[in-house]
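Start from the sequences and build out the full structure, keeping to the hints where you can.
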Amino acid sequence: MLILSLSGPVNAAFENIELMAGPAGMGSAYSAATQDTSALIWNPAGLARLPTPEIGISYMDLHGVLGYSFVGMAHPIRSGQTVGAALLNSSDVEGISQERIVMLSSAIRIWKRLHIGINAKYFSTSVNLEQMPLGRGTGWGTDLGIQYELITEIVRIGIVLPNLFSNLSYRRLGEITSKGTYNESLLREWRVGAAVSVNFDSGAPDRKMDAVLAAFEIANGVPLIGCEYRSGIRYGEFALRLGWRFGDGLTAGFGYQRGNIGLDYAFVNERYGLQTSLFSVRLFY
Numbered sequence: 003m004l005i006l007s008l009s010g011p012v013n014a015a016f017e018n019i020e021l022m023a024g025p026a027g028m029g030s031a032y033s034a035a036t037q038d039t040s041a042l043i044w045n046p047a048g049l050a051r052l053p054t055p056e057i058g059i060s061y062m063d064l065h066g067v068l069g070y071s072f073v074g075m076a077h078p079i080r081s082g083q084t085v086g087a088a089l090l091n092s093s094d095v096e097g098i099s100q101e102r103i104v105m106l107s108s109a110i111r112i113w114k115r116l117h118i119g120i121n122a123k124y125f126s127t128s129v130n131l132e133q134m135p136l137g138r139g140t141g142w143g144t145d146l147g148i149q150y151e152l153i154t155e156i157v158r159i160g161i162v163l164p165n166l167f168s169n170l171s172y173r174r175l176g177e178i179t180s181k182g183t184y185n186e187s188l189l190r191e192w193r194v195g196a197a198v199s200v201n202f203d204s205g206a207p208d209r210k211m212d213a214v215l216a217a218f219e220i221a222n223g224v225p226l227i228g229c230e231y232r233s234g235i236r237y238g239e240f241a242l243r244l245g246w247r248f249g250d251g252l253t254a255g256f257g258y259q260r261g262n263i264g265l266d267y268a269f270v271n272e273r274y275g276l277q278t279s280l281f282s283v284r285l286f287y
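Take the sequence shown: its position 27, counting from 1, is numbered 29 in this note's numbering, and each next residue is one higher.
Hints listed in this document are in silico derivations from the structure and should not be mistaken for laboratory results. Values in this document were obtained by computation on a predicted structure and should not be read as measured data. Ideal Cβ positions, reconstructed from N, Cα and C, are used throughout, including at glycine. A couple of the hints might just be wrong.
[Said to hold, decoys possible] Computed spacing ranges between beta-carbons, pair by pair:
1. Arg102 with Ser187: 15 to 21 Å
2. Val214 with Asn185: 43 to 49 Å
3. Glu155 with Leu285: 23 to 29 Å
4. Ile156 with Thr183: 16 to 22 Å
5. Asn262 with Leu189: 35 to 41 Å
Shown next, in the form of structure tokens:
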């Protein structure tokens, strides 16, 4: 998040912060793999493959200065069709700047292997100085996502176009002239990725099938790679993740799921200037 400037355009306002620890631990190479509430951020088309209703919660603290939070919910209406909603919020510890995104999502399987999803987003931002409001901003945006299964349940590709269409309007409080207002569009982004998932028998009678997920992605020209090993036992399911962002470096993480709750952690190196950690909780109902 960048502090809003009211003297000229700020194309990096509402920066696309990639929350949810599971994908972050895999180097952010997740547009083809996502099929849970992380799809609200990573690729809305993945919601169409959501097997059960889910709530996702995530939090990230940047250097003790900025805090980012995410709360999302997704609910399958029928097989291959899901709706969702999310709230993303960011603010600094001094209360100078705050940004909020309210998101409504819908995804559908339009062919037996093809899924498409759309996010509709409402933006709001404010800037304050010593508890005095200086300016406000509001706007809207849309994301488009596609997932296609080349080989059912094994090989998928994903395409995401965040901020395909958008418009933001900023206003300096106390000024009614044209100099106190301006409009801008968010920077259009793109992601193209592929994921391969393989299940294999663990050989133990009390364990579920283990799974390996490998993913490769190019996000705005930057290569990303990631992998996940998932192993299930009668006491729950464990996941280990590793990734690499070319230009930013290593990511890693782990997860544990039992019953109707899943916990995830990710370590991200240099993605946001310094090392940081993400935490996520997923609830199934």
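Going down the list of hints, with the structure as the test:
1. At about 19 Å, the beta-carbon gap between arginine 102 and serine 187 stays in the expected band of 15 to 21 Å.
2. Restraint check, valine 214 to asparagine 185: a C-beta distance of roughly 47 Å satisfies the suggested window 43 to 49 Å.
3. As the Cβ distance of glutamate 155 to leucine 285 is approximately 25 Å, the hint placing it in 23 to 29 Å holds.
4. Checked against the hint of 16 to 22 Å, the pair isoleucine 156 and threonine 183 fails, with Cβ atoms roughly 52 Å apart.
5. Between asparagine 262 and leucine 189 the Cβ separation comes to about 38 Å, which falls inside the hinted range of 35 to 41 Å.
Of the numbered hints listed earlier, the single one contradicted by the structure is hint 4.
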